[in-house]
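Participant: Given next are the chains, with one letter for each unit.
2 protein chains.
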Amino acid sequence: MPRKPTQPTVLRERAAGVRTTARSLTSIAATAGVSVSTVSKVLNGRTDVAPATRERIGLLLRQHGYQPGARLDFGVVDLLLGLGKGQPAMTQHDPWTEQLIHGTVEAAAEAGHSVVVTPVDSAEEFDRWLELATVRGTHGALSVVHLPRGTELQRLAAAGIPVVVIDPATEPGPDVRSVGTTNWQGGLTAARHLIELGHRRIAVIGGLPSLWSSQARVDGYRSAMLESGLAVDERLVSHEEFSVHGGRRQATRLLSLAERPTAIVAANDAQAFGVLQALRDLRLRAPEDLSVVGFDDVPVAAWAAPPLTTIRQPLAAMAATAFRMLRAGESGTAQAHHVELATSLVVRGSTAPPRA
Amino acid sequence: MPRKPTQPTVLRERAAGVRTTARSLTSIAATAGVSVSTVSKVLNGRTDVAPATRERIGLLLRQHGYQPGARLDFGVVDLLLGLGKGQPAMTQHDPWTEQLIHGTVEAAAEAGHSVVVTPVDSAEEFDRWLELATVRGTHGALSVVHLPRGTELQRLAAAGIPVVVIDPATEPGPDVRSVGTTNWQGGLTAARHLIELGHRRIAVIGGLPSLWSSQARVDGYRSAMLESGLAVDERLVSHEEFSVHGGRRQATRLLSLAERPTAIVAANDAQAFGVLQALRDLRLRAPEDLSVVGFDDVPVAAWAAPPLTTIRQPLAAMAATAFRMLRAGESGTAQAHHVELATSLVVRGSTAPPRA
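Sequences listed follow chains A and B, in order.
Residue numbering for the first sequence follows this note's numbering, starting at 1 and increasing by one per position.
Residue numbering for the second sequence follows this note's numbering, starting at 1001 and increasing by one per position.
Keep in mind that the hints were calculated from the coordinates and are not lab data.
Virtual Cβ for every residue (Gly too), placed ideally from N, Cα, C.
Hints may be right or wrong, so weigh each one.
One-sided excerpt, in silico: chain B residues whose CB lies under 10 Å from chain A [as the list claims (entries may be wrong)]:
1. Ala1032
2. Val1034
3. Ser1035
4. Leu1081
5. Val1105
6. Leu1132
7. Arg1136
8. Arg1235
9. Val1244
10. Ala1270
11. Phe1273
12. Asp1281
Listed next, the stretches of chain B that the computed footprint assigns to chain A, with coverage defined by at least 3 CB atoms under 8 Å from CB atoms of chain A [stated by the list, open to error]:
13. 1106-1114
14. 1253-1263
This is chain A alone, in the form it adopts within the complex (with noise of 0.2 Å):
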């Protein structure tokens, strides 16, 4: 179709187009008698295809205007942001999701990519994701949270589209790669410091219990208490959405009662800037009157007053090895199928040792 964007139905005609395309892929499947993803091998040139099969859907593809096997590279990968399932109070606004997506553009701008933002909450714009793609073409995908499973990873093999998750919600088993952060070791080293700060009576608020980094930051939490010998008062643990609303709500509680914490370990950095204002709204101030420290260290972290305490994920750097995952494909060299990078604790202004 050729390009004339000073004519305005021109334009409109293209606009329409995606959607026509996104379908003939499918009709030229109906009428091939083959599945979508053997037309789409035929299209990006691969030769797993039985030599007749080929030749016909070639014809196909032909006379719908695809030039099959003969596709220039657009030097683009695709990030999926995929919050919608199971992350209730996640959203794409979140401080987290933003710094996963700059720190994917800046990694493919470094090797010459450019990065295709795609939200995709249902099975229905994951298909229709599936099918730009495929035609258009990418060097793979990154899947923010959500982690294929089944007939997605079935499909994306079928395309050829490689996929890294990022930050699996759930336990990522053998079949897809995945980056993530050393959940475990963040909870540790945030009741750690507080332990070496001299607190006894510490509180911790877990994300969602469904949430696989949630269980393994109380996990740590629970580690650090034991190894200094310190009993856990279950009324202290608790478990939150990933909002600042949540924080708020639990610190409440927790300064409610008779035997209140002198510090708290947040989930995330939303959460303790809850925390923050519950202490507000009861005139007390962190420090001085509680001890608080988030988790993420995104970078509003350094704006609250005072400037959170946290544990950071490196999410740039997550970003960024999962799309050197991506790019090294299956290289024959031993690749582990899921990397967990190092958490560490950025010390700012909401901690301090209790009061005496």
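Dock chain B against chain A, hints included.
Facilitator: Same frame as chain A, now just chain B:
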């Protein structure tokens, strides 16, 4: 080039191919003795090239594996982040930018498009992006903050890539379309809100004076003071970078004056967070000791303690409007070259009447 992601050597070739492709277009132009933009016109099937030239270039393009005038529509728009120019304190990681990225991704997704995000902070990066985008095709470019002029505009036009600027850093002329927000009205509304609460001694922190938007916001503040018969004390008017650090610095200065202000209009939400930090340093509280109004209403504005009263820029709507302007193209119907979407006041917890 056949695509076989199961063979790493091919993946590496493909990655290298990006640069090869980009070079080829320039070298085809050199071989044909024409400009790159003429080559891109032929590649894009445009008819405003002399037939003989078109023929000659078309032949060269086909020899290099291109399909002139037969491009598929991959349904992408480009988002250019050009924050490095003239905005020293702004970075890609600013939550303000994030909102624009998400607004664009969402508006594009609704229209069945994906968004390619590329940081473009130098002339070289712009050149490289333009070459790749020309090869792969794009529905157009949204440029955040950076206002292309002169040669850049000519080259975009030659490549047939429409452009719309979001929040231009400098005053936009009629040669490029742009979307902004009502900065003057925002400054006016912020100051009026404080005046209505009973404040008389109101400070304003503007952004850097080189920014078009800063000038408008400070003028809005002056206008509100004037209409209420309040004199502007020039010691209460300053200009600062859009950062937490800048807000903290100015607030510390203002709070050390013999005659302190009772309220501050900040240039953005980051500065307002800095004002809250300065208050904490001095063991003062907002809004009891000082009211503060932010600007932008980034999602983290609600994370502050107290949550920020702020002037909302409709960032998602600005991105969506820019996207629609891009798709409308030169539609024949009268279209303004610059559109401003209304700001609005969001009252949260950081403003209250001054202490009696």
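Participant: Are the hints correct? Go through all of them and say.
Facilitator: Evaluation of the provided hints:
no.: 1; hint: Ala1032; verdict: violated, 19 Å
no.: 2; hint: Val1034; verdict: violated, 18 Å
no.: 3; hint: Ser1035; verdict: violated, 18 Å
no.: 4; hint: Leu1081; verdict: holds, 8 Å
no.: 5; hint: Val1105; verdict: holds, 5 Å
no.: 6; hint: Leu1132; verdict: holds, 6 Å
no.: 7; hint: Arg1136; verdict: holds, 4 Å
no.: 8; hint: Arg1235; verdict: violated, 25 Å
no.: 9; hint: Val1244; verdict: holds, 5 Å
no.: 10; hint: Ala1270; verdict: holds, 7 Å
no.: 11; hint: Phe1273; verdict: holds, 4 Å
no.: 12; hint: Asp1281; verdict: holds, 8 Å
no.: 13; hint: 1106-1114; verdict: holds (count 6)
no.: 14; hint: 1253-1263; verdict: violated (count 0)
Checked against the numbered hints above, the structure breaks hints 1, 2, 3, 8, 14 and satisfies the rest.
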